[in-house]
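From these two lone chains plus the hints, build me the complex, please.
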Amino acid sequence: MNLKLLGSWEIKKANTSSALKKFGISVTSIVLGLLFAGLFVLITGKDPLKLYNEIFQSSVGSIYGLSETLVEMIPLALCSLGVSLAFRMQLWNIGAEGQFYMGAFGATYFALFFSDLPKLIMLPLMLIAGFICGGLWALIPAIPKAFWNVNETISSLLLNYVAYFWMAYLVYGPWKDPKGNNFPLTKTFPDSATIPVFGNTRISYAIFLVLIIAVAMYILIKYSKWGYEISVSGSSRKAANYAGMSYVKNVLMVMFLSGAVSGIAGMAEVSGVLHRLQQTISPGYGYTAILIALLARLNPFSILLVSFLMGGLLVGGFSLQTSGFPSSMVSMFQGSILFFVLAGEIFNNYRLVRKKA
Amino acid sequence: MDLNYIIAILAAGVVAGTPILYASLGEVIAERAGILNLGVEGMMLVGAVSAFYVGTFTENKWLGLLVALIAGGLMALIHAVITINFRANQVASGLALTIFGTGLSAYLGRGLVGIPPTSTFKAVAVPVLSQIPVIGKIFFNQDIMVYLSVILVAILWFVFYKTKAGLLLRAVGENPSAVDALGHNIFFVRYAAVIIGGMLAGAGGAYLSLAYSPSWIENMSAGRGWIAVALVIFAVWDPSRALLGAWLFGVIASLGLHLQALGVMIPSNFLQMLPYLFTFIVLVFTTRETKNRRSGTPAALGIPYSREER
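In the order they appear, the protein sequences are chains H and B. In terms of this note's numbering, the first sequence is residues 1 to 357. In terms of this note's numbering, the second sequence is residues 1001 to 1310.
Just chain B, same shape as in the assembly (with noise of 0.2 Å):
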C-alpha cells in the first residue's frame, strides 16, 4: 500500500467521521445536562430529509442546513417535554424518538429517492494549509462542514471549561438540587442542552444527505446515531475526545469501504460489520477503564429531577 492510498483513506475517514461527530458533540452537552436521549438516531433521520429537501428544491444547501437544525431541535422538544416535565424514562422516551423519527422521515421522504441534489457541500482547499504534505490532503481539502465541526468542538472545549455557562451545565448533571439551591434554573439549563443537542444531531443528518452521498434513501444514516451515542462514552463527556472518537470510527469505516477495492478477500457484509463491531468492543473497553478511573458519567443522567424528592 503506497503512502497516496493511506492518504485517501484517512481523508476519507475524517468525511466519514464527521456526520457522527455532530451527533457525538449533541449528546455529549445533553447528557452533560444530566439527559439521556437515544434518540439521535431518529433526530439524524429527519435532519437528513429535511436537509436533502430544502436543499435540494431551494437550491441552497445552507438553507437545508438550517432547517435540519430547527427540525432536529424540533425533534429533541419532544423528547424534552416527556422526560424534563413528565418524568418519563428517559431511556423509554429516547427509544420512542428514534422509532417516531425513522417513520417520519420515510413518511416525509417518500418521493425523494432518487432525485439528484442541486446543492452540495464540495471539498474547498484552505489556501496555504492545503499545501502541506500528507496533513493538508487528509484535513485541509475538506467540506466547510468539516472544518465547521473542527471550529465547534474548539468552542464547545473552551465553553465547557472556561465560561460560567458551561460549569453551570456540567453542574447540572451532576447535582441538580444542588445547583437548584443557588436559584439556577435546572429546567432551562435541560431544555437548553437537550434542543442544542438534538440540533447538532440534525446537522450530521444534514452532513449524510448533503455531502456524505448526497440524495435521500430510507434510513440512510444507518446506525451512525447509535455509534455516536456509543462514542459519547469512549469521549467520557468530553467534546475534543469525540472528535478522537468520530475519526478514529470513520477510518475504520473508510478502511473497510477500502480493503475491498485493495483486492483483500474478506466478503463485503463482514467488512459492512466492522464499525458496529468495532464500537461495541470500544464501548466494552472504554467502559471498563472509566469505571477504574471513577470518572467520567455525570453523576445525575438518567434520572429525572423533581424538587420535591431532593
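Isolated chain H, as found in the complex (with noise of 0.2 Å):
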C-alpha cells in the first residue's frame, strides 16, 4: 500500500503484539544493527567478526570485565531512567550530558569546600546537590517549553555544550588542583565524600541507588495518579488539560525530575568512581542513555538490562583503543542498533501480508 519497497508486501494495522513477537523483534534489530555497522568495517578492509570478539571478551569474557561493566552501566542506568520519565511525556530532554555535568559540578562543591563533614552528612548532600542541580539545569529549557513551546529537544541540547564549558572552566581555573601538575582536575576528595566500593573492584555502593530509584519509577508510572498523568499529558495535551491537569506544571516537573535523576548520576560518578571532577567525566553516557530508553521501550526494568549491554559495549570500546581504534567508534554500533530498532518498531504495530493479486 505505502510501503513501496516491499513490492508485492504490503502492511496492515495489527492491534495486538504479543511479548514474545516483541523481544524477538527487539533482538532481530540489535543484530541487524550490529552487521550494518559491521558492514563499514568491512569495506575499510578489517575483520568486523575480530571486532565484535574483542568487544565481548573484554567485556563480559572476565570477571574484571563484567565488573567494569557494571561500573559504566551505573551512570547510564541512572541517566537513561533520568530521560526515560521526560520521552514518557513526548519531551525531548537530549540535555542528560549536561544535567550529568551539573550533578557532578552540585556535589564537587561540597566534597571540595565542606571537607571536614562527616560522611554520614557529606554523601546525603552531596547526593541532593547532584539532584537539585541536575534538576535545575533541566528547567532552563522546561520553563521556555512549558510556556512559550520552545523546542526542547534543540535547547536542552545547546545547554550540554555551555554546561561542559562550565565545567571546562571549573577544572582549568578556580577548582583546578594546584598541585596537579597542570592536568585540568580537581584535587581529590576526602575519604568522607567517597562512596564505598564492593571489595577491590571499582563497583561503588550507588548502584543500589539505580535500583531504588528503578523500583521507584516504576511505581510512580505504574501505581500513582501522577504517573498516569504524564502519560496522557504526553498522548494529547488538549485531553489533559479538559481533564484539569495542568500541562505547564507537569512538563515542569517532568523536565526537574527527569535532570535530577542525570544530576545523581554525576553525582555518582564523581564520588563513586572517579573521586575529583575532571574535564573528561564522561565518554556520552547521557547521549548513550536516550539509545538505552527506547531500546527499552521506557521500561524501568529493561533499562537496567540494556544498561548492562550498553555498558558492556563501552567497556569493549575502550578496550579497542589498545589496537588504535578510537573509543568513540562504539557509537557507530549504537546508532546503527537505534535505526533497526526504530525500523523494527512498526512490525509492532503492523503486520507484513503479501497482497492479493
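The set of hints was computed from the structure by calculation and includes no laboratory data. Computed from a predicted model, the values in this text were never measured in an experiment. Each hint should be verified, as a subset may be incorrect.
Facing chain H, a subset of chain B residues (Cβ under 8 Å, in silico) [stated by the list, open to error]:
hint, residue
1, Ala1088
2, Ala1096
3, Gly1103
4, Val1124
5, Met1273
Beta carbons are placed, not taken as given, at the ideal position from N, Cα and C, and that holds for glycine.
In C-alpha cells:
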C-alpha cells in the first residue's frame, strides 16, 4: 500500500503484539544493527568478526571485564531512567549529558569546600546537591517549553555544550588542583566524600541507588495518579487540559525530575568512581542513555538490562583503543542498532502480508 | 577598537557562519517537505571526514567536496527510509543518525588525525568588488565556498517562491494528503528533500575540514549541526533569513575568539559558551515571535504520512 519498497507485500494494522514477538523484534534489530555497522568495518578492509569478538571478550569475557561493565552501567542506567521519564510525556530531553555534568558540579562543590563534614552528612548532602543542580539545569529548557512551546530537543542539547564549558572553566580555573601537575582536574575528594565500593572492584554502592530509583519509577508510572497524568499529557495536551491536569506544571515537574536523576548520575560518578571532578567525566553517557531508553521502550527494568549491555559495549570500546581504534566509534554500533530498533517498531504495530493479486 | 579590527571580526564571522549556512539550508529544504532531521551534526561529521580523506589523498579539494556531498546524501537516505517508509519517530531517527555519524566519522578518521591537508579552499579576491572599502574586505575577499553559499541562497529563494517545484515542496510540508490527492508523489518529494538536505550538511562538513580549520579532528563540528537546526526556526524556514542567522552566529563566534586577543578579561571557556548560549536565547525569542505571528512551521512537520490514515 504505502510501503512501496516492499513490492508485493503490504502492511496491515495489527492491534496486538505479543511479548514474545516484541522480544524477537528487539533481538533481531540488535543483530541487524551490529551487522550494518560491521559492513562499514568490512568496507574499510578490517574484519568485523574480530572487532565483535574483542568487544565481547573485554566486556563480559572476564570477571574484571564484567565488573567494569557494571561500573559503566551505573551512570548509563541513571541517566536513562532520567530521560525515560521525560520521554513518557513526549518531552525530548536530550540534555542528560549536561544535567550529568551539573550534578557532578554540585556534588563536587560540597566535597571540596565542606571537606570536614562526616561521611553520613557529606554523602546525602552531595546527593541532594547533584539532584538539585541536575534538575535546575533541565528546568532551563523546560520553562520556555512549558510557556511558549520552544523546541526542547534543540534547547536542552545546546545547554550540554554550555555545561561542558562551565565544567572546563572550573577544572582549568578556580577548582584546579595546584598540585595536579597542570592537569585539568580538582584535588582528590576527602574519604568522607567517596561512596564505598565492593571489595577490590570499582563498583560503588551507588548501584543500590540505581535499583531504588528503578523501582520507585516503576511504581510512579504504574500505580500513581501522577504517573497516569504524565502519559495522558504526553499523548494529548488537549485531553490533559480537559481533564483538569496542568500541562505547564507537569512539564516543569517532569523535566526537573528527569534532569535530577541524571544529576544523581553525575554525583555517583565523581563520588563513586573518579573521586574528583575532571574534564573527561563522561564518554557520552547522556547520549547513550537516550538510546537505552528507546531500546528499553521506557520500561525501568528493561533499562537496567539494556544499560548492562551498553555498558559492556562501552568497556569493549575502551579496550579497542589499545588496537588503535577511537573508543567513540562505539557510537557507530549504537546508532546503527537504534536505526533497526526504530524501523522494527512498525512490525509491532503492523503485520506484513502478501498482497492479493 | 579601530575599523580594521571590526572588519577583520566581521570577515571572520562570514567564514565561521558558512558551514552552518550550508547545513541550515539543507535542513530548511528537508523541513519544508515535512521531515525533521536532527542528524545534521552526524551528517556534517561524516561530510567533514570524507572530504578531508579524499581531498587530501587526491590533492583535489573539489573531489573532496563532491564525496562529502555524496556521503551526506547517503547518510540522509538512512533517515529517509526509516522515517518515510517505516514511519518511525523523526526525532529519534535523527538522534540515531547523529550518534551513528559521530561514531562512523571517528572510525573512518582514525589515522587522519594530525595529517596536514594538501588541497584547501583559500581566499580569492573578486576583481573590482573586493576594492570597495569595508564591504570588499568583508564579503569579496573570501574562499569560493563562501561565494557558492550565497549563490545557493539566491537559487533556493528563487526555487522556493518562484517555481512549481518550490510550490510542490512547500505544499508537501503543509498538507501532504491534498498534494497526494492531486496525483503528486509525496514519497519522491520527501526523499529528494531529505537527501538534498543531507548533501548540504555534508558540504557544511567539507567546509570545516577543507577551509575553516583544514584538518581532521574527532567531533570537529562541535555542535554546529545543532546550531544549524536551531537557526532554521530563527529563519522561519526561509533561505535568506538562514543566511542572516548563520552570519550573525558567525560574528558572535568570531567575536568570542577576538575578545580574548583584545585583552578582555573573560575566561576563554565563557567565550566558548557564547555561540551556544546565544543560539539558545535566539531560539526562545524567535519561537515566541513566530507563535505570535501564527506563521512559519510547516504544518505537517514531523508527522509521518500514510495514505490509509489521511
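Comparing the hints with the structure gives:
1. Ala1088: Cβ of Ala1088 of chain B sits 4 Å from chain H, so the hint holds.
2. Ala1096: 4 Å, holds
3. Gly1103: 3 Å, holds
4. Val1124: Since the shortest Cβ distance to chain H is 33 Å, the answer is violated.
5. Met1273: Nearest chain H Cβ about 4 Å off; hint holds.
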